[in-house]
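Line by line, the protein sequences give chains Y and P.
Its first residue numbered 1, the first sequence is counted upward by one per residue in the working numbering.
Its first residue numbered 1, the second sequence is counted upward by one per residue in the working numbering.
Since the hints were derived computationally from the structure, they do not count as laboratory data.
Check the hints yourself; a few may be wrong.
As the list claims (entries may be wrong) - When the alpha-carbon atoms are kept at most 25 Å apart in a straight line, the in silico BS3-like pairs for lysine-lysine are as follows:
(1) Lys265/Y with Lys446/Y
(2) Lys262/Y with Lys238/P
(3) Lys255/P with Lys430/Y
(4) Lys272/Y with Lys419/P
(5) Lys423/Y with Lys80/Y
Unchecked claim - Short, incomplete list of chain Y residues facing chain P, as computed with Cβ under 7 Å:
(6) Glu270
(7) Leu271
(8) Arg426
(9) Met458
Unchecked claim - Quick list of simulated restraints, FRET-style, between CB atoms:
(10) Glu256/P with Glu452/Y: 36 to 42 Å
(11) Glu48/P with Ser457/Y: 35 to 41 Å
(12) Ala289/Y with Arg91/P: 51 to 57 Å
(13) Glu393/P with Ser457/Y: 24 to 30 Å
(14) Leu68/P with Leu280/Y: 23 to 29 Å
Note that the structure is predicted; figures quoted are calculated from it, not measured.
Glycine included, each C-beta is placed from N, C-alpha and C at the ideal position.
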Amino acid sequence: MSGNVADSAISPTSPTQTIPADLSGQMLELDEDDDLEVFSKDTTNTDGGSFNASMQTSPGSMINQYKFDEEEEEQEPGAKDIFITVDDPESHVTTIETFITYRVLTKTTRSEFDSSEYEVRRRYQDFLWLRGRLEEAHPTLIVHPLPEKFVMKGMVERFNDDFIETRRRALHRFLDRIADHPILSCNEDFRVFLSAQAWELTSHKKQGPGFLSRMGETVRAVVVSVRGVKNRPEEFNSMQEYVEAFSQKMTSLDRITQRICKEEKEYLEELKEYAPTYTLWSGSEEELAEPLKGMATSLDRCYQETEERGRQLSDCLAPALHEYVLCSETLKAVLRRRDNIQAELEAKNEALATKRADRDAEPRERGVVWQSLLGKNPEEARQQKQQRLAGEIDELKEEIDKMEDRVEWANNGLKGDWGRWQKSMRSDLKEAFLSTAQKNVDYYEKCLAVWESFLLSMRAEVSEVDQRAGDS
Amino acid sequence: MMADTGSEEVAVIGNTDLTPGEIENNMKNTMGEKGTVLFRKMEINVAEAEKRTVKNAVNMQETYTVYLIETRPADAAAEGTNPAPDSLWRRYSEFEILRNFLLVTYPHLVVPPLPEKRAEFVWHKLSADNMDPDFVERRRVGLENFLLRVSSHPILSTDNVFFTFLTEENGWKEMVFETGFQAKADSRLKALNATFRVKNPDKRFAEMKHYSDELQSVISQLLRVRARVADRLYGVYKVHGNYGRVFSEWSAIEKEMGDGLQSAGHHMDAYAASVDDILEEEEHYADQLKEYLFYTEALRAVCRKHELMQFELEMAAQDLSTKKQQQEELATGTVRTFSLKGMTSKLFGQETPEQREAKMKALEGQIQEDEESLKDKNTECDEFVRGAWLDIERFKDQKNHDLKEALISYAIMQISMCKKGIQVWTNAKECFNKM
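The shape of chain Y in the complex, shown without the other chains:
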């Protein structure tokens, strides 16, 4: 759904690029620049993947970020400053396991990178790690999904060429999306992923918040998610509905496309027999030999074209649709996390209200009796209690302030990313369907040419025979 906030789509241009002199005319107002500088400094200074996103920036700067991007939309897109390729899969065999690494090549002009070119080798696990860190750091931003770990159907072999190629492309798309993202591309883990040598990466991975503190966060998350969010803003309700419907549609389309691939393969199997049968026949014939051979040749060419069409489907459309099935799951998770953050705030507000009520309430009979039993002066006890409550209330209010910032930040982050995501979804799927349609048009045009040329040769022959018959 292209919501009302989606217009502040985050353009791919990073605010931190070193602006060459001749572009200085396009430079922004200095005050906005400062804000962005602050913002970007924050991200590069965070220790390896702090997952408490509320620490990073003030909502004020974030809102400015989006204002800036609104203006930026008029500028030409694609002023990219990071170029990444993923290629050259290589198999590594150790005593414990066998795995594939891919070469990740980065060319960049960004200042936080020490060099302008990097070449590293990464394996799937590394990509998983990176994505995990990005999600932790930005739980309500939409982080592009990775290709799946295993493929259940068909070829289960991990080292099948097609599988590796499909995975390589998906990994490339993943890194491209991160690089295009104005916030995620500035993430420190991302930088390390692109630039660190193998041993550096391993040691970097070991840093970061320990297991136990992450456990704590998870437990809190579970508790909150059980409670559920009570007052979800309408736009997020719409998003939720959209994501559920979208997810269903993508799953259907994915399944349909897989089915077509299967039918195409079976069609090819049978088609393979066609041409040889005509060739066989031509061996028994005299006058019909040439036409039958022509038939065989034509069928053979059509076979090859059909093969190619099938390849396009499985290399281009199928992976694209599958990717958006995975995206749907990502979106659902993001919405859940946003809900959880809001739920936390609501819980705290409820606690505050309870405490306030408690503070303002008349002292109860039983309470006084109990206090006197313990040998306390009721008036003193009441004052103590009020003091305690006041302290707690103040504490809560502070926490709530921070939480409100966090919620606002999370919501804005999601809203901004939502528009971005919608745009790239539209463009990705449009491109995939367009290329499929084009491939089909090309396929039928090529087959048409084959049959038209066969027809021409047949007609020529028939008229030749007629001429001969007429002459005799």
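Please arrange chain P on chain Y, whose structure you already have, making use of the hints.
The following block gives chain P in isolation, referenced to the frame of chain Y:
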């Protein structure tokens, strides 16, 4: 002109009046599409098919299909008048009787085949049920084709039984059976299936038999492959229909992509639906191939009949030479051939000169008879060979012409299919562009 004999007169069954030379002349005059006597004079149509239900001999309900044969003088159309055609109803079994009659009566000719009795080489969508309207329709076309083939054959078209088949609904069956062809049909069948070896097989016929076997095998294979390919192609097209449904549902939740998706969906539906027409057209191609598949049987039958004739000739010649040898032995008194009579006469004494005289006379008589008969057989065989070979040449030309046309029409079909595909996907592309 020789070609004019026939339709208006009652043609003699078997028409042995035509000399080989005349037959040749006939061929030359009637080669090609213009056909012969009957074809030129008469327009033949199998216009309709109808279901009939009757109570049969054992008082059980029987349902069968009858076909309406319409005939009309060809020049009526040329003159511009359009008189109502004569018509009668025939069922498939009657066509079979006609064909069997022709097979028996003209063993040296390649008799056109009937459309298949039961649906074979089906792919999943096609029903194998004889009552299925699609099957009945294709059978109607096949029966019409059979009649056109017979009526354009220089010799078959002159046959009276054929003529009556087209013009007299009642009493035709009885008339045919009265010719006694049924008995000949049975013995023909037996002979064709018997195993025997010819000492000096005619090379041409042997090659032709071999060719008919090859052709039968390769066309069967082709039809099998085609049926499987059709099945699969159907699957590919039909699954695309699901895109239509899901695009439509998806368009409901999208703002900007909605229109593009919805209209693309319609084109996907159109694409999925287009396969029905495509495959129906392809059935015609398959039917053309099937006709020649069944023709191979007729071709083979002619070769076999010749083989049989050859065999009988060889047997007769051998018999004659044995008798001649016996004659010689009797005359010279030498016994070269072993015979029981010879042995017994040796054991029980020679026969009297009178006895020998009588024997020699009898043998001489037999030899003379046999020599006459052999001469006749030889002539018969020669005529068969000449007639058969002419017809085979005619058949070859027809086959080459027809199959070339069939390949051309296949190519035209493929071209039409490709054009449809281009249109649908170009339209879909435009819709995707609007996304």
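Pair hint outcome, Lys423/Y versus Lys80/Y [Cα-Cα no greater than 25 Å]: Answer holds: Lys423/Y to Lys80/Y is near 17 Å, not above 25 Å.
Beta-carbon spacing of Leu68/P to Leu280/Y - inside the hinted bounds 23 to 29 Å or not: The hint (23 to 29 Å, Cβ to Cβ) is violated, given that Leu68/P and Leu280/Y are roughly 41 Å apart.
Range hint 35 to 41 Å (beta carbons of Glu48/P and Ser457/Y) holds or violated: Between Glu48/P and Ser457/Y, where Cβ atoms are some 40 Å apart, the hint holds.
Interface hint status, Glu270/Y versus chain P (Cβ within 7 Å): holds, 4 Å
Distance restraint hint 24 to 30 Å, applied to the beta-carbon atoms of Glu393/P and Ser457/Y: holds, 26 Å
Given pair status - Lys430/Y, Lys255/P, alpha carbons within 25 Å: Roughly 14 Å between the alpha carbons, so the hint for Lys255/P and Lys430/Y holds.
Satisfaction of the Met458/Y interface hint, Cβ to chain P closer than 7 Å: Interface hint status for Met458/Y: holds (5 Å vs cutoff 7 Å).
Assessment of proposed distance window 51 to 57 Å (beta carbons of Ala289/Y, Arg91/P): For Ala289/Y and Arg91/P the Cβ distance comes to about 41 Å; the hint is violated.
Hinted pair Lys262/Y and Lys238/P, Cα distance within 25 Å: holds, 13 Å
25 Å limit on alpha-carbon distance, applied to hinted pair Lys265/Y and Lys446/Y: Roughly 20 Å separates the two Cα atoms, so the pair holds.
Hint consistency between Lys272/Y and Lys419/P [alpha-carbon to alpha-carbon, up to 25 Å]: Roughly 23 Å separates the two Cα atoms, so the pair holds.
Beta-carbon spacing of Glu256/P to Glu452/Y - inside the hinted bounds 36 to 42 Å or not: holds, 40 Å
Of the numbered hints stated above, those contradicted by the structure are hints 12 and 14, listed in ascending order.
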